[in-house]
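Asker: Sequence:
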Amino acid sequence: MKPASEEKFTPFMTALCYGRIEEDLILPYPKTDPKDVELLKNVLQSIDQVLKPHEKDFRTWDRAGQHPPAFIEELRQFGLFSLVVPEQFGGMGMNATAYSRTLQEISKFDGSTAVTVGAHSSIGMRGLLLFGTDEQKARYMPKLATGEMIGAFCLTEPGSGSDAASIKTTAVREGEHWVLNGNKLWITNGGIADFFTVFAKTGDKTERGNMTAFIVTRDMAGVTNGPHEDKMGLRASSTTTVHFDNVKVPANNVLGEVGKGFKVAMNILNSGRSGLGGGTVGGMKKMIELSTRQAKERVQFGKPISEFGLIKQKLGHMVVDCYATESTVNMVNHFVDSGIKDYAVEGAIAKVFGSEALWRTTDEALQIAGGNGFMCEFPYERVLRDSRINRIFEGTNDILRLFIALTAMNEVGGSLKELASSLKGIFDSPIKGFGVLSEYARRRAALATGLEATEKTRFTKLPPAMKPKAELFEDLTRKLAGAVDRILRKHGKDIIGKQFASKRLADAMIDLFVFACTLSRVATALESKGAAAASKELEILEVLSGQVRRRVNGNFSKIDDNDDELIKSLADHALDAERYSWDNL
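For reference, each letter of the sequence shown is one residue, going 0 to 584 in numbering that gives the first Met the number 0.
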């Protein structure tokens with residue numbers, strides 16, 4: 000699996016929106032590096048040692064709404080705050096694959112613990128790892144490795160959630176310091192952190208964006224936090240407001256460039272999603288484990304409920320969702336570890352699909368448990384509550400869908416602009432623009448006819464037994480490229496406001512990337528183990544491919560024929576009335 004050179008590199012999903020399949024990026028399916036396997040064995044054993052004795056405590060701490068300080072100290076002693084800190088500073092130096100697998104294991108035990116560790120490594124100190132100077136790293140990394148300093152990421156504010164550019168926190172330069180003022184909301188680890196990555200506006204107060212990232216530490220005068228938030232889920236993890244009142248931050252605590260904080264924030268969130276993806280896989284594996292035991296032990300109508308078709312249906316779909324999510328998360332981690340710089344769309348896809356798959360799996364696990372699932376003495380309801388936030392934080396799934404679609408259309412739209420530019424004055428100079436026009440014509444013909452017009456429109460490295468699935472993927476890829484072209488031509492620059500169309504395109508892209516990753520994994524398993532040993536994985540692929548075919552075709556069929564305006568009209572009616580307007584009385 001070889002990424003192209005930086006100058007020529009096109010991300011997998013961007014290429015797919017042009018109708019190209021960059022199979023070298025996903026084939027063969029990545030294997031965990033042997034040195035990482037050895038490290039992970041030791042780490043996973045340590046996690047089991049530290050967390051298994053607390054299995055009953057996790058419910059108690061959830062009800063109490065906090066982790067006791069002694070437990071946080073245990074996490075420090077076992078090195079769970081050192082996972083991604085480079086070895087030269089006393090950390091484990093994990094890559095994305097190893098880190099994600101570690102968060103997966105922690106999530107099997109407790110969501111609150113996973114988010115405490117994950118918020119530190121995925122986002123809290125990730126900015127230092129990505130953008131810190133050598134001096135900054137030397138100053139803070141050793142303390143972050145030991146957990147003497149725990150990290151927190153401070154972006155969200157009362158008036159700015161998904162709209163990060165609208166933050167109100169300000170930083171004003173005064174001599175050798177920046178004076179920081181503002182309030183941050185819903186900060187994970189806010190009550191236990193000593194190291195804060197803080198984003199503040201450094202331009203005109205009325206100007207959107209122009210923010211800067213700062214390293215702020217708790218010992219700076221004016222840094223305080225509010226009380227622990229009473230949350231639906233992840234209750235034991237620390238979530239608070241964090242306040243900055245005339246905090247004097249040294250100028251050498253700026254992360255990255257002044258005024259480039261939005262770039263810093265987005266890179267942190269993109270890079271950190273490997274941990275969240277691993278967490279969703281761990282949660283699903285735990286739910287499948289609990290549900291299969293429950294189904295075999297629970298007897299109704301004279302036999303275990305595991306023998307009933309509808310229970311098997313739930314379990315089968317849970318397995319497909321988990322395998323597909325794991326395949327996708329691991330592929331994105333491989334992109335990161337291979338040095339690929341642009342994986343933002345693929346990372347967002349893994350987050351959206353994984354968080355929604357976890358929610359479906361947990362909901363079905365609770366259903367299999369029946370009345371027990373609704374009782375607090377069993378873990379199902381706690382995992383369900385913990386799982387809900389995954390579709391909201393680190394980018395809401397609604398916003399990420401728009402990001403996925405609009406990023407792809409921006410790239411494809413650029414080629415249409417190039418075409419328009421090349422045609423200017425074409426009658427004065429008939430040769431002008433011919434190259435761009437002819438290439439575009441070939442691509443349009445391929446989309447319209449299904450005939451191959453350019454390279455990379457078909458798989459060449461899949462085993463022969465995978466040909467039907469390869470052909471399905473190729474057909475859906477042509478339809479994707481055609482859909483992108485149609486949507487852009489239909490809406491033009493107004494596409495930014497056409498969220499229904501963007502969501503349909505995003506959902507198709509999500510399905511196709513998950514399909515591609517699963518196809519790669521099953522193909523590699525088939526070649527390495529043979530058909531008999533890979534039979535169940537082939538069954539997973541069969542089920543998933545059918546789901547993807549139906550969903551993608553359904554989304555494409557609604558590009559032009561839909562009830563969007565009716566839905567918006569009904570929404571407007573409810574908004575005007577501020578209520579549901581009908582009653583049988």
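Hints listed in this document are in silico derivations from the structure and should not be mistaken for laboratory results.
Some hints here could point you the wrong way.
Derived lysine-lysine pairs resembling DSS-like cross-links, with alpha carbons at most 30 Å apart [claimed, not checked]:
| # | residue 1 | residue 2 |
| --- | --- | --- |
| 1 | Lys259 | Lys295 |
| 2 | Lys230 | Lys107 |
| 3 | Lys455 | Lys284 |
| 4 | Lys30 | Lys466 |
| 5 | Lys34 | Lys284 |
| 6 | Lys40 | Lys528 |
| 7 | Lys466 | Lys455 |
| 8 | Lys528 | Lys311 |
| 9 | Lys557 | Lys535 |
| 10 | Lys51 | Lys466 |
| 11 | Lys535 | Lys295 |
| 12 | Lys502 | Lys557 |
| 13 | Lys167 | Lys247 |
| 14 | Lys230 | Lys30 |
| 15 | Lys136 | Lys55 |
| 16 | Lys478 | Lys340 |
| 17 | Lys455 | Lys492 |
| 18 | Lys313 | Lys136 |
| 19 | Lys557 | Lys284 |
| 20 | Lys466 | Lys535 |
| 21 | Lys567 | Lys466 |
| 22 | Lys259 | Lys284 |
| 23 | Lys567 | Lys455 |
| 24 | Lys478 | Lys311 |
| 25 | Lys262 | Lys502 |
| 26 | Lys284 | Lys262 |
| 27 | Lys535 | Lys302 |
| 28 | Lys497 | Lys478 |
| 29 | Lys284 | Lys311 |
| 30 | Lys313 | Lys455 |
| 31 | Lys340 | Lys262 |
| 32 | Lys51 | Lys30 |
| 33 | Lys40 | Lys142 |
| 34 | Lys340 | Lys142 |
| 35 | Lys492 | Lys567 |
| 36 | Lys466 | Lys528 |
| 37 | Lys502 | Lys340 |
| 38 | Lys567 | Lys497 |
| 39 | Lys313 | Lys502 |
| 40 | Lys51 | Lys230 |
Asker: Hint by hint, say whether it matches the structure.
Answerer: So, going through the hints one by one against the coordinates:
1. Lys259 <-> Lys295: 56 Å, violated
2. Lys230 <-> Lys107: 20 Å, holds
3. Lys455 <-> Lys284: 36 Å, violated
4. Lys30 <-> Lys466: 23 Å, holds
5. Lys34 <-> Lys284: 24 Å, holds
6. Lys40 <-> Lys528: Distance of about 23 Å is within 30 Å: holds.
7. Lys466 <-> Lys455: 16 Å, holds
8. Lys528 <-> Lys311: Since the Cα atoms of Lys528 and Lys311 sit roughly 26 Å apart, the hinted pair holds (cutoff 30 Å).
9. Lys557 <-> Lys535: Answer violated: Lys557 to Lys535 is near 34 Å, above 30 Å.
10. Lys51 <-> Lys466: The hint is violated at about 45 Å.
11. Lys535 <-> Lys295: 20 Å, holds
12. Lys502 <-> Lys557: Holds - the C-alpha atoms of Lys557 and Lys502 are around 11 Å apart, at most 30 Å.
13. Lys167 <-> Lys247: Roughly 17 Å separates the two Cα atoms, so the pair holds.
14. Lys230 <-> Lys30: 39 Å, violated
15. Lys136 <-> Lys55: The given pair, whose Cα atoms are some 38 Å apart, is violated under the 30 Å limit.
16. Lys478 <-> Lys340: Distance ~27 Å between Lys478 and Lys340 Cα, so the pair holds.
17. Lys455 <-> Lys492: 29 Å, holds
18. Lys313 <-> Lys136: Violated, at about 48 Å.
19. Lys557 <-> Lys284: Since the Cα atoms of Lys557 and Lys284 sit roughly 35 Å apart, the hinted pair is violated (cutoff 30 Å).
20. Lys466 <-> Lys535: Holds, because 18 Å separates the two Cα atoms, which is no more than 30 Å.
21. Lys567 <-> Lys466: 42 Å, violated
22. Lys259 <-> Lys284: 39 Å, violated
23. Lys567 <-> Lys455: 40 Å, violated
24. Lys478 <-> Lys311: Distance ~34 Å between Lys478 and Lys311 Cα, so the pair is violated.
25. Lys262 <-> Lys502: 24 Å, holds
26. Lys284 <-> Lys262: Violated, because 34 Å separates the two Cα atoms, which is more than 30 Å.
27. Lys535 <-> Lys302: 26 Å, holds
28. Lys497 <-> Lys478: 20 Å, holds
29. Lys284 <-> Lys311: Holds, at roughly 16 Å.
30. Lys313 <-> Lys455: Between Lys313 and Lys455 the Cα gap is close to 37 Å, so the pair fails against 30 Å, i.e. violated.
31. Lys340 <-> Lys262: Since the Cα atoms of Lys340 and Lys262 sit roughly 13 Å apart, the hinted pair holds (cutoff 30 Å).
32. Lys51 <-> Lys30: 28 Å, holds
33. Lys40 <-> Lys142: 25 Å, holds
34. Lys340 <-> Lys142: 28 Å, holds
35. Lys492 <-> Lys567: 21 Å, holds
36. Lys466 <-> Lys528: Roughly 18 Å separates the two Cα atoms, so the pair holds.
37. Lys502 <-> Lys340: Measuring from Cα to Cα gives roughly 25 Å; hence the hint holds.
38. Lys567 <-> Lys497: OK: Lys567 and Lys497 at ~12 Å, within 30 Å.
39. Lys313 <-> Lys502: Holds, because 27 Å separates the two Cα atoms, which is no more than 30 Å.
40. Lys51 <-> Lys230: 24 Å, holds
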